[in-house]
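> Work the whole structure out from these sequences, hints included.
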Amino acid sequence: MQGVKKTVVYNVSRGAELGADGGLVRAPIVPVETEAAVEFDADIGGEHMLINIGPQHPATHGVLRLVLELDGETVIKCTPHIGYLHSSFEKLGEYRDWNQIIPLTDRMDYLAPLIYNCAYAMAVEKMMGVEVTERCKVVRVILMEMDRIFSHLLWLGTTGIDLGAFTIFLYTFQERERIYNLHEAYTGARITTSATRIGGMMADLPPGWIEGLMEFVRTFPRTLAEVDTLLTNNSIWIGRTQDVGLISAEDAVNFGLSGANLRASGVDYDVRKDRPYYDYQTYEFDVPIGEQGDIYDRYLCRMEEMRQSLRIIEQAVDRLPGGSINVDDPRVILPTKTAAMNDMESMIHHFKVVMEGVRAPVGESWFSVESSKGELGMYVVSDGGSKPVRWRVRGPSFINIAALPYMIEGALLSDVIAVNASLDIVLGEIDR
Amino acid sequence: MSEGEFRKGLDALDSGPAESPKEAPSPPPQPEGLPPHPTVEALRERFVEAIGRHVMVAGDEHIVYVDRDRSLEILQWLRDDPAQRYDFLQDLTAIDYGNGVSLQVVYQLWSTIHKRNVRIKVELPLDALELESVYYVWRASDWLEREVYDMFGVVFTGHPDLRRILMPYNYAEGYPLRKDFPLRGRFSRAEQTRRALSMKTEDHYSPRELEIAARLGQRLPDVMPEGGPGIPSPESSPDGRED
Amino acid sequence: MGLNDPSRGGAPGTEARSLPGHPDGSGQGGVFSGAPGFLTTRLDAVVNWSRENSLWPMPFGTACCAIEMMATAASRYDLARFGMERMSFSPRQADMLICAGRVPYKMASVLRRIWEQMPQPKWAISMGACASSGGVFDAYSMVQGIDTIIPVDVYVPGCPPRPEGLIYGILMIQEKIRRSKPTEDWIAEEDLIEGLPTLSPETVDLIAAPFGNSTNQNRSSGLISTGAVVRPNDRQP
Chain Y
195 MQGVKKTVVY NVSRGAELGA DGGLVRAPIV PVETEAAVEF DADIGGEHML
245 INIGPQHPAT HGVLRLVLEL DGETVIKCTP HIGYLHSSFE KLGEYRDWNQ
295 IIPLTDRMDY LAPLIYNCAY AMAVEKMMGV EVTERCKVVR VILMEMDRIF
345 SHLLWLGTTG IDLGAFTIFL YTFQERERIY NLHEAYTGAR ITTSATRIGG
395 MMADLPPGWI EGLMEFVRTF PRTLAEVDTL LTNNSIWIGR TQDVGLISAE
445 DAVNFGLSGA NLRASGVDYD VRKDRPYYDY QTYEFDVPIG EQGDIYDRYL
495 CRMEEMRQSL RIIEQAVDRL PGGSINVDDP RVILPTKTAA MNDMESMIHH
545 FKVVMEGVRA PVGESWFSVE SSKGELGMYV VSDGGSKPVR WRVRGPSFIN
595 IAALPYMIEG ALLSDVIAVN ASLDIVLGEI DR
Chain P
9 MSEGEFRKGL DALDSGPAES PKEAPSPPPQ PEGLPPHPTV EALRERFVEA
59 IGRHVMVAGD EHIVYVDRDR SLEILQWLRD DPAQRYDFLQ DLTAIDYGNG
109 VSLQVVYQLW STIHKRNVRI KVELPLDALE LESVYYVWRA SDWLEREVYD
159 MFGVVFTGHP DLRRILMPYN YAEGYPLRKD FPLRGRFSRA EQTRRALSMK
209 TEDHYSPREL EIAARLGQRL PDVMPEGGPG IPSPESSPDG RED
Chain Z
664 MGLNDPSRGG APGTEARSLP GHPDGSGQGG VFSGAPGFLT TRLDAVVNWS
714 RENSLWPMPF GTACCAIEMM ATAASRYDLA RFGMERMSFS PRQADMLICA
764 GRVPYKMASV LRRIWEQMPQ PKWAISMGAC ASSGGVFDAY SMVQGIDTII
814 PVDVYVPGCP PRPEGLIYGI LMIQEKIRRS KPTEDWIAEE DLIEGLPTLS
864 PETVDLIAAP FGNSTNQNRS SGLISTGAVV RPNDRQP
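Residue numbers (this note's numbering), protein chains in the order written: chain Y, 195 to 626; chain P, 9 to 251; chain Z, 664 to 900.
Don't take each hint at face value.
[As the list claims (entries may be wrong)] Using 30 Å as the maximum straight-line C-alpha spacing, the simulated DSBU-like pairs for lysine-lysine come out as follows: (1) Y:271 to P:208; (2) Y:331 to P:187; (3) Y:531 to Y:546; (4) Y:531 to Y:331; (5) P:208 to P:129; (6) Y:546 to P:123; (7) Y:331 to Y:546; (8) Y:467 to P:129; (9) P:123 to Y:467.
[As the list claims (entries may be wrong)] Pairwise CB distance ranges, derived in the manner of DEER restraints: (10) P:131 to Z:858: 42 to 52 Å; (11) Y:525 to P:78: 20 to 30 Å; (12) P:169 to Z:863: 35 to 45 Å; (13) Y:525 to P:46: 31 to 41 Å; (14) Y:603 to P:171: 17 to 27 Å; (15) Y:516 to P:163: 54 to 64 Å; (16) Z:708 to Y:358: 34 to 44 Å; (17) Y:430 to Z:831: 34 to 44 Å; (18) P:169 to Z:748: 39 to 49 Å; (19) P:49 to Y:375: 49 to 59 Å; (20) P:215 to Y:364: 54 to 64 Å; (21) P:57 to Y:525: 48 to 58 Å.
Hint data in this document are derived by calculation from the structure and do not stem from the laboratory. For every residue, glycine included, the Cβ atom is placed at its ideal position computed from N, Cα and C.
See below:
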């Protein structure tokens, strides 16, 4: 918990000014002419060079491509090029009915698939006015918090590799394998879970699953403590991460950062607290807030978020109610197999829901949850048909990575990899 | 089950996106006495005629349609006015309903101070897809506007670096998320593959980078050069661009 | 799908890569079986043995499959057991390309370039449904199977494949190496024509044609045919 405060609203120590209403006063960004940003001097011109990193590079966490203009080892200008994984999710979504989109969602963020499944289903349910059952709500909270740990573990391992600590990768993957097993026991898949349906889940939790989860919750803190021992006070780690990749609170808000990247800069914004969904306001958990906005603070925030997720899981398991996991709404939910096989109405109902798809009324909804990367927004627009007019995803990584040039211009080349790793990006959701 | 019914079911699978009416479908009539939203009232007071209709969807989401000519002014005011302070641009995107209906550009705003949401929509007729950029209001809009340009072809005037972001810079098939764009693109698969494989180094760099490389007298970092595999060609032209 | 069609022109590399010297599969009973040419056979066995047990993979990971590839290399599945603990992130020191994940057209030239940078002899694994066939991403931006771009030796199915699946695919590559004859066929002929697909345009169109019923298809099954969207004028000069 070193360096992590829990109750800060805004960090004022680093030059940010508080306005009369408690908000930050920010000067308007002065427009800069593109040409003026690069001054070509005939004398030093020859010393600059362009360096291309990616799109196939082990340290870009996927297929990100950066073109850096260097003066010696100092980054003068950084231009990310994305789109090397553009899979046309949003176009495909317009050709699929509402339930068929769910398998696409977990291929977007394959590091935390269940959060994506849940967020999409929640957006469509909100648009349709379907209220899921209490059991479904608690189960989704459990799954989302489990995948927050799942995603942060991968971030920890790969960032460790990028900064030269390979051990962490093996430690975290050992724990990830246990979550893989939990995924598999519930959904049958290790990564591409596709667990939610509009109005419920694909199935109830299998017997014994909660016990397996609690075993993980009980033993996982030990590994976390080991990683903490290895990294938090490690002088190499501190040297590579502290005061690197700084971004102030005001800039972080203006750049639209979210998640741990924003909170590390001292902005107290967490969708779970600010616009609570699924009764998050009744769970007891803290939101870690950083002070400096550097890589080290992001690391501390994510470590603490994992501990807080464990707390939430414990509370959720305690309050897990019985009853049906699917809402009793014939618009969205299939009849039971027995009913479909035995009476004509149920069979026609089954046929219509499967073949024509769920029909959503005219309307739209922009709904966001706190994913492991930041604020994940799902925007669904319906014109009354069984397929969306528009399905839009506000990928948190997409907006977080846009701030990368701002953070690394003026820094050293070796910091580029560290800063890029610290943003916790996943290219599937950046490129969509 | 009759044969006809079965076929109808199969046809439903093949029908693609639902047929859209000639106008953007509007949600069912609002209940009388829409719950007031402080921002909407303030907007109406200040920008009287520039504010269009106010709709509420999905229970608690307020949408305000604003005039395209004054959108930048309105959005800037929403960010700066002490009673509004929408300092966090959550999302910027567009919707194409197809059938010649006006394209809608959507701004989803959040105030970290007042903890409020509002959604601003600007309607653009398909023959005039131009809108003022909010790049200098929220820097978050930088890539979001580029994405809308890439996918819908909306030109944001005042954006300093408006170019394609997800598709290749030399993409020639159009704007993929428009409704008139076919799912598999306009070219045949063989043609798409051929074009992809014949991309040159220049196609991977932005015009600005090409200019920097030219002025620095540097050969471009090697992505897909001409010549044989593996061996960099010794006689590359001095400005680094091989024709 | 017509993949085995002899009219599959424009793919001269593929014939050369398919176990030259063994058109009928003879002599594949094992490397130590008594084949003509005692010395070369022994040499083959030694070379193959060393090659197959020290493969250096080049992980070309893009999406979900890359995460499973990482899991394969990590603690539990431990790819190092098969002599592959050195993941080679430079294509110039690698001899097996693992293409894990979907490949958009924007990435196609990069993939081809990396394949060309790898020295002979080299092998390619197409990991996962998207790399092998485009998978669910039958849309405007996606390559419908990387075999239209580079020659592929082993396809690993799955979305994504489990680590066991990838390991099995790698074992199949080792099996293929064990059966090859390096003394006779030191460098596999490979005519990848600059800027052109590995297959003829007709074949690319054929294997990339829509199938299944997941999206709005113009050839959904044998049952019905809907108004097919034919776009004859799409081809640009």
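> Does residue 467 of chain Y sit within 30 Å of residue 123 of chain P, going by the straight-line distance between their CA atoms?
This hinted pair holds, its Cα atoms lying about 11 Å apart.
> For the pair residue 169 of chain P and residue 863 of chain Z, does the Cβ-Cβ distance stay inside 35 to 45 Å?
holds (40 Å)
> Next pair to validate is residue 546 of chain Y with residue 123 of chain P; report whether the Cα-Cα distance is within 30 Å.
violated (42 Å)
> Honestly, do residue 215 of chain P and residue 364 of chain Y meet the 54 to 64 Å range at C-beta?
violated (44 Å)
> Has the hinted range 34 to 44 Å been met by the Cβ atoms of residue 430 of chain Y and residue 831 of chain Z?
39 Å Cβ-Cβ, so the 34 to 44 Å window holds.
> Take the C-alpha atoms of residue 331 of chain Y and residue 187 of chain P, compute the straight-line distance between them, and say whether it is at most 30 Å.
Cα-Cα ~35 Å, so violated.
> Can you confirm whether the C-alpha distance between residue 467 of chain Y and residue 129 of chain P stays at or below 30 Å?
Between residue 467 of chain Y and residue 129 of chain P the Cα gap is close to 27 Å, so the pair holds against 30 Å.
> 49 to 59 Å was suggested as the range; check whether the CB atoms of residue 49 of chain P and residue 375 of chain Y agree with it.
Hint holds: Cβ distance 54 Å, inside 49 to 59 Å.
> Is 42 to 52 Å right for how far apart the beta carbons of residue 131 of chain P and residue 858 of chain Z are?
Because 43 Å falls inside the window, the suggested range holds.
> Straight-line Cα separation of residue 531 of chain Y and residue 331 of chain Y no greater than 30 Å?
holds (24 Å)
> Does 39 to 49 Å hold as the CB distance between residue 169 of chain P and residue 748 of chain Z, or does it fail?
holds (43 Å)
> Quick check on a hinted range of 20 to 30 Å for residue 525 of chain Y and residue 78 of chain P, using CB atoms only.
violated (41 Å)
The structure fails hints 2, 5, 6, 11, 20, 21 (numbered hints given earlier, in ascending order).
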